[in-house]
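Required output: the full structure, derived from the provided sequences and hints.
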Amino acid sequence: MDRQPEFPSGPNVGTQLRARKAKQAREDRKRLADEEPNAKAPAGKRAPRAGAQLALPSADGWFAAHGWQPFQFQREVWRHVADGRSGLLHATTGSGKTYAVWFALLNRAFAGEVRAGGLRLLWLTPMRALASDTARSLSAPLDDLGLAWNVGVRTGDTDAGERARQLKQLPEVLITTPESLSVMLTRADSREQLSDLAMIVVDEWHELIGTKRGVQLQLALARLRMFARERAAHSAAAPCPG
Numbered sequence: 002m003d004r005q006p007e008f009p010s011g012p013n014v015g016t017q018l019r020a021r022k023a024k025q026a027r028e029d030r031k032r033l034a035d036e037e038p039n040a041k042a043p044a045g046k047r048a049p050r051a052g053a054q055l056a057l058p059s060a061d062g063w064f065a066a067h068g069w070q071p072f073q074f075q076r077e078v079w080r081h082v083a084d085g086r087s088g089l090l091h092a093t094t095g096s097g098k099t100y101a102v103w104f105a106l107l108n109r110a111f112a113g114e115v116r117a118g119g120l121r122l123l124w125l126t127p128m129r130a131l132a133s134d135t136a137r138s139l140s141a142p143l144d145d146l147g148l149a150w151n152v153g154v155r156t157g158d159t160d161a162g163e164r165a166r167q168l169k170q171l172p173e174v175l176i177t178t179p180e181s182l183s184v185m186l187t188r189a190d191s192r193e194q195l196s197d198l199a200m201i202v203v204d205e206w207h208e209l210i211g212t213k214r215g216v217q218l219q220l221a222l223a224r225l226r227m228f229a230r231e232r233a234a235h236s237a238a239a240p241c242p243g
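Sequence positions in the sequence shown follow our numbering and run 2 to 243.
Just so you know, these hints were derived from the structure itself, not from any lab. Heads up, some of the hints might be wrong.
Taking CB as the label site, the calculated pair distances span [said to hold, decoys possible]:
#1 D190 / R76: 34 to 40 Å
#2 R164 / A117: 20 to 26 Å
#3 D160 / A65: 37 to 43 Å
In silico EDC-like cross-links for lysine to aspartate or glutamate, where the CA-CA straight-line distance does not exceed 20 Å [unchecked claim]:
#4 K213 / D197
#5 K98 / D158
#6 K169 / D197
#7 K98 / D197
#8 K213 / D160
Backbone N, C-alpha and C define an ideal beta-carbon position, used for all residues, glycine too.
This is the structure we're talking about:
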């Protein structure tokens, strides 16, 4: 996964999201044959396609429903994650890295391996300015796919009301910074809230390498790994029912 992929020019994440909001007249022949052309959609949303739910149980289905085709490197990421591997994804800016990683987890959700309820994805970004954009990108497919997952943001800019809600119940996806993660780890219930993660993503890792913030993040990740080992050991030691 650590390589510079070669792939033809195509829609990046921003283009894909803008395409969802484009007028029906701009859609081309790639729309599905069973689309309802006269369906009216709420303001700001594109009309849903007839039978779309049947075609969207996977990443391939969602891409096909929008007339897109995943790049080869995106498929490789999905395959590696499905095999239980971790890695470094190196690709050019705007090439679709976000959906390469995001749909790797969503594919596991489609397979019933990852369920809603509690924090499942921790997305770490070094820049608060990227958090909101990332949240929009991750939220975009959820309605189409029928997944009742919540995407939240926790940074120094998060208001007190949202922080209070997160204290009661974390969303399935949380986008945060190294500093905010370190604060979360000081809470008494941090082990309970952060021990059942299915995926951790560190975005823009090169911005953190060799810095104090990078060291801070590495220490936080080490603690999260400890939580995961403790949860695995607890599960293995639990008596079998009956």
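Here is how each hint holds up against the structure:
no., hint, result
1, D190 / R76: 34 to 40 Å, "holds (38 Å)"
2, R164 / A117: 20 to 26 Å, "holds (21 Å)"
3, D160 / A65: 37 to 43 Å, "holds (39 Å)"
4, K213 / D197, "violated (27 Å)"
5, K98 / D158, "violated (25 Å)"
6, K169 / D197, "holds (16 Å)"
7, K98 / D197, "violated (24 Å)"
8, K213 / D160, "violated (26 Å)"
Hint compliance for this structure: hints 4, 5, 7, 8 are broken, all remaining hints hold.
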